[in-house]
Amino acid sequence: MARDSPNEDDDHENLIHQNKDKSASFRIEELQSPIRRRFSKGHYLFAAIVTVISLVATIYLFFSSKICGTTSDRIKESQLRALYLLNKQRSSLFDLWNHTFGTSNNITAVRFDQIKASLLDQITLNRHIKDTLLSTENGTVSVPIVNGSEICLKIDPKSSKRRTIEWKPDPNKFLFAICLSGQMSNHLICLEKHMFFAAVLNRVLVIPGSKFDYQYNLVLDIEHINECIGRKTVISFKNFMELKKNHARIDKFICYFSIPLPCYTDEDHLKQLKSLGISMGKVETAWKSEDIENPSPKTVKDVEEKFGTKEDVIAIGDVFFANVEKDWVLQPRGPIAHKCKILIEPSKLILLTAQRFIQTFLGSGFVALHFRRHGFLKFCNAKKPSCFYPIPQAADCIRQMVEKANTSVIYLSTDAAESETSLLQSMLVMNGKTIPLVKRPPRDSAEKWDSLLYRHGLDGDDQVEAMLDKTICAMASVFIGAPGSTFTEDILRLRKGWETASSCDEYLCHGEEPNFIASDK
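In case it helps, the numbering used here puts the sequence shown at residues 62 to 582.
No lab work stands behind these hints: they were computed from the structure. Ideal Cβ placement from N, Cα and C applies to all residues, glycine included. It is possible that part of the hints are untrue.
[Unchecked claim] DSS-like, lysine-lysine: derived pairs with alpha carbons at most 30 angstroms apart: (1) K332 - K299; (2) K305 - K293; (3) K293 - K229; (4) K229 - K444; (5) K349 - K444.
[What the hints assert, rightly or not] For each label pair, taking beta carbons as the anchor points, the in silico distance ranges come out as: (6) K229 - N576: 51 to 57 angstroms; (7) C401 - V499: 26 to 32 angstroms; (8) R223 - S480: 42 to 48 angstroms.
Produce the complete structure using the sequences and hints provided.
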């Protein structure tokens with residue numbers, strides 16, 4: 062069968078999300094049918110208590126719906142949280158009924174004490190429901206507790222006040238971004254910091270080309286940045302060279318770091334720039350003792366003093382490790398004023414492909430796991446405590462997260478060998494059922510989810526594959542990240558910007574130390 066037909070979807074057609082009927086009514090009839098059997102007085106007492114709790118919960122829900130018609134959206138949000146709690150309480154009551162009376166009609170003193178203790182738990186939960194329905198607090202969504210476990214809720218960033226800077230560049234002044242350290246994730250973080258520098262210095266940011274850096278236009282929607290800000294703030298290297306008639310000059314090349322190497326670059330990279338038709342003067346350093354191992358905190362004033370100049374084209378490098386206005390730069394949606402959810406986001410082709418993969422293999426509720434292994438053992442063991450966990454310990458942590466998230470499938474983003482992922486899969490069993498680990502399969506002409514990438518010649522590209530992984534993880538209900546990984550940090554940036562971040566998001570085995578660490582000796 063041919064991979065694409067004449068009726069292929071338009072490249073930029075969005076998926077339509079089907080509405081789901083999620084009724085949360087608490088039906089007392091469901092409780093009454095098993096109650097009508099012949100039981101002892103204790104059974105009837107228990108049934109009466111269950112019925113009373115159900116009625117009270119229903120009354121709370123009824124009145125809350127009346128309140129919601131005249132009050133704020135925060136109370137409506139509280140009602141939705143309460144619906145979840147009511148379902149949870151109903152499930153717990155049924156479990157209590159089945160486990161207590163399923164095997165015998167006789168209630169011993171011990172079992173009656175268990176009933177009382179369990180019912181006290183449900184009364185406590187009922188109080189949580191009441192508090193939730195009447196809650197109108199401002200700020201981040203609170204996390205209710207059910208039987209000692211968190212309910213995973215979306216984090217609401219709207220109440221937090223962003224500190225922003227307007228990016229209004231002089232169209233004739235340019236900042237050439239130098240990003241050389243690490244892989245693509247490092248470069249994207251570096252690029253975001255360069256955008257902040259450009260905004261402070263009122264310059265247009267020049268995105269490097271593939272002959273000197275990554276080919277950013279394959280994975281990023283560069284024009285999206287200009288549209289969000291409402292003016293021309295970034296320009297591709299190709300367009301910059303056309304503007305300069307292929308004879309550009311970097312008037313001032315300033316290194317942010319001086320240790321271990323100025324600009325964290327070498328002669329080969331400088332020769333590459335010159336081979337692209339760019340001339341430059343002497344390379345300078347902003348600070349004589351600024352070390353990437355111990356970057357000192359800097360302010361906007363420091364940036365203006367060290368990099369402010371009247372020259373038309375300047376280059377600053379590498380700023381990945383720079384510690385400039387950290388709280389400002391790292392806030393959700395970034396430090397720059399704009400009208401979108403996030404400035405730096407994947408291209409439309411990657412976004413649509415991620416949606417189609419989720420629709421095909423995962424569904425709406427899934428956990429995403431970034432399980433970094435290759436080259437991570439030595440890196441993690443240099444940290445105190447280490448962040449490299451044996452497979453059995455990692456499996457325990459993952460099971461706990463899956464139980465908390467109440468999902469049945471995990472999307473696995475990993476560089477681990479098959480031997481490790483196979484062992485991990487064999488140990489992910491909960492309630493007698495295997496929790497499937499889903500990875501993106503090799504290209505198959507019979508599958509349609511990745512057809513957009515295939516038709517545009519992007520399938521198999523390492524940059525595109527990595528960004529697709531990040532995008533799928535960013536769309537998950539709950540995300541488990543690899544501590545110390547910039548790949549994970551980029552996913553968290555997307556989740557915060559897209560408002561998909563969950564109260565249950567965390568690093569793998571967060572707060573735990575590995576139960577075994579290899580000796581360096």
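Verification of the hints:
1. K332 - K299: holds, 18 angstroms
2. K305 - K293: With a Cα-Cα distance of about 17 angstroms, the restraint between K305 and K293 holds, given a limit of 30 angstroms.
3. K293 - K229: holds, 9 angstroms
4. K229 - K444: violated, 41 angstroms
5. K349 - K444: At roughly 28 angstroms apart (the allowed maximum being 30 angstroms), K444 and K349 satisfy the hint.
6. K229 - N576: 51 to 57 angstroms: holds, 54 angstroms
7. C401 - V499: 26 to 32 angstroms: Once the Cβ atoms are compared, 30 angstroms apart, the range 26 to 32 angstroms for V499 and C401 holds.
8. R223 - S480: 42 to 48 angstroms: holds, 46 angstroms
The structure shown violates just one earlier hint, number 4.
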